[in-house]
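Participant: From first to last, the protein sequence lines are chains A and B.
Numbering follows our numbering, with no gaps: position 129 of the first sequence is 129.
Numbering follows our numbering, with no gaps: position 458 of the second sequence is 1458.
Just so you know, these hints were derived from the structure itself, not from any lab.
Take these hints with a grain of salt, some might be off.
Unchecked claim - Computed list of lysine-lysine pairs in DSS-like fashion (alpha-carbon distance at most 30 Å, straight line): (1) B:K1168 - B:K1352; (2) A:K379 - B:K1088; (3) A:K89 - B:K1088.
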Amino acid sequence: MTAADIAAAVRSGERSALEVVNEHLGMIEAQDLKVHAFNLVNAENARAEAAQIDARVAAGEPVGPLAGVPLATKDNLCTKDLPTTCSSKMLENYHPPYDATVVSLLRAAGAVSLGKTNLDEFAMGSSTEHSAFGPTRNPHDLSRVPGGSSGGSAASVAAGFTPIAVGSDTGGSIRQPAAFCGVVGMKPTYGAVSRYGLIAFASSLDQVGPLASNVADAAAVFDVIAGHDRRDTTSIQGFIPAAQAALNLGVDGLRVGVLQELSGGGGSVPGLAVDVLARTREAAEVLAAAGARVEEVSVPSCTLGLSAYYIVAPAEASSNLARYDGVRYGARVDAPTASEMTTATRTAGFGAEVKRRIMLGTYALSAGYYEAFYGKALKVRTMMLNDFARVYKDFDVLLTPTAPTTAFELGTRMTDPLTMYVNDVCTIPSNLTGHPAISVPFGLGDDNLPVGVQVLAPATHDTQTFRVAAVLEAAAQEARL
Amino acid sequence: MSPPTEPKLPAGWDLVVGLEVHVELDTATKLFCGCINRFGAEPNTNVCPTCLGLPGSLPVINERAVELAMILGRALGCQVNRSVMARKNYFYPDMPKDFQTTQYDQPTNSDGQLVLPDGFVVGIERAHIEEDTGKSVHVGRSGRINQAVYSLIDYNRAGVPLVEIVSKPDIRTIDQARNFVDELRAILVVTGVSDARMEEGSLRIDANVSVRPEGLAELRTRCEIKNINSLRSLGRAIAYEANRQIDLYEDGSAPQQQTRHWDENTSRTTPGRSKEDADDYRYFQEPDLVPLVPSPATIAAIDETMPQLPVARRAALVAATGADSVAARILVERAQDALALEAVAAGAEPNKVLKRLVNDLAVDDWSNLDATALAELIKMESAGALSASQAKQVLADLVESGGTPQTYVKRRGFEVVDTSELKSLLEQLVGDNPSEWKRFCAGDQVERKKMQGFFTGQIMKATRGKADGKMVAELLNNAALVG
Ligand SMILES: [Zn+2]
């Protein structure tokens, strides 16, 4: 059942929210030992919230648009009633004293969070293998990774544990796992969704966004969570989401650019798989057949995105993660002096990938290196913004693959960080520019695993991404039938 | 209160000082959250996720703090810029995020000046906005973190808005350094930017000190002196540090650039970190905040509503009352200049007004006293109806309870005995003491003076001191002429 079906059934009284929630909790109990999508399931809380919704329905009181819909919440979004760990030993027993804005909005809309989902530690990774609590597995093939860092949220939707989920996307952390798990995942315009209560990885890149089994459900979640929040200074004033209203508009007359640097197959994306490339080209044909004007387009600075990202994101992370010092909350390893205590705490509390990025970022910001690294990365960001602005004069949306390959096998990339980083090459540009992008499942690879294609749009044109994704989704479903 | 005398530097050397003054802004709430900004609350009671730097929390800038910073900037003649907040990354347990949100290469205010009361101009490099840290108490042998058994941290101060005012190295004497802080403090109070209380830590000073051979223009290696807790320490610390550096040069050595701490107990500066192992703060733009872009209209409005600054207020007081510079400085600092001006405008004698206020109105709250009452009081004093000590007592009454001076003059029995009453009293005394009267009327200069003392004393005794001495003398002389 889709989220829309569940909400309709609960609202009409046809099904009780408690029944829906129990059914999904049952699936988690039966199957999550294998998948490990969840760090923590809070059945009691979920049942209580579901019962409240049922009581409101029974009393004839209004319920929200996601009434009774089971939700999975990435474990880097603060929740008052559950620990929020970021899949790190550092925050293993950390209980935030407040809810993230997104968490409050979803609860107010009637969604029932069943628990907190696994991620790469502090959202740093592309496979959810960098979790202190063990990896999540891809429900389509348990020997494969679900992608990351929102691997737990994507796996939860793919396994049918929850029809919807929320994740965070700093360099592709919603879209790439969505592609690997065959679900829809969307990164909103920077500032469209509040970051208040999202535990920061890289503040200028992080965005919270929806994952769902279909485009309409993702749009419904987006419409609930997007909008201005006075507690987040970078959130856009006056942003009013209207994704659901655009789902049936079609693409007739829409100007679609196929982004050469990421879809050309000419070697500009190292390791871009032939099957993934083929699906992307087919997606372009589908849009052309539906009336869009499809052309090739070039954004040369795109190829610099990966390098710029791996300067900017670690630099901001090195500052954001400094607060985990053992002084106020989270893990503490005692030692004779304050600074020895902090060293011991960080040594024990952070995993290898987090340490690697803190060191990278610290180096990039250091006196004497700032201009060569961080300063230059900022210039690339500006260059990309200018390049995309120019392209968007002639195009409404752009099309690329979401990831260079389908889901890879567990353990195959852990030893080589660079091949892991290359996974993000197609998704990173949207984070550096702050533009919206969606990944929608489009057929299978040669290995029968899901392939995702990505639709990019200019800032605040989030609705366009859903609109185009709806057309691709319909075509993909038709082809399967 | 006389200013401490200027400690002497050896001949042949010039002093070069720049000051960095941290000032807590007088806002209702902290810089990035809604917590109350107040000194002296129970530890860790004014805190929230944002000022504790809890994971996921975000800053929202306090617009009043930005406004106060811009007001100060304009009062110092600064250019007010488009500015951005930056992160200064370093580790200290009382800093919740392990970075300080401050300003770096794009400060709110730049390129101003501060004119000292004697006309000397000190350039202002910048006045930027930043957040305060928490406060640590290290419990252990020395009160230093390295030797502490344990430490307690109070985060009430974390996130309190500060402005850091950085002067150019224009200061050449210890008096100028002290006057700089004094004048800055006067500006801060007059503009309502800060209460600027050193004893509560709402104004804190670091001094960059170097020396150079007299007459040279070069800037030599400087040391930054921290932990200066009073104006007195400021002078002593600069003097100690300058002499230390001069000794090094004269021994053929040279000072190292370093941070040094002033130790009040030993009256010495001791080295902190040296430049070699100084922190690299890894500044970068704060991604959780957006640039501060003041509109020309905002700046114009600040200029229009700018209160009269101390320098202009002192000038106005001097012009209207003939006050000397010390009195003008004191009264403006106490914000009693308007009172003095009004009292003088109401016809009170300027000299007496100034003297009374400077000497007898060093109080925190004088809101009960209005200018009309003050003017009347001074007029009574000028007319001889009240002695100086009586006027002082009545002034205290007015400060305490308000009202008019007449009320207290009556209540205290300070009314002067009138002439007819004195005349009959004198007639009686003449009748009772004929020989003394004779000696007064016929005696020589010495005798006459002696007897005048006798009769005045008797009259004062009879009136319990209420009689006006001048009037008694006049009556005595008139009566003697008549015989
Ligand atoms: Zn606070």
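Participant: Each hint should be assessed against the structure and marked as holding or not.
Facilitator: Hint check results:
no.	hint	in the structure
1	B:K1168 - B:K1352	41 Å, violated
2	A:K379 - B:K1088	21 Å, holds
3	A:K89 - B:K1088	27 Å, holds
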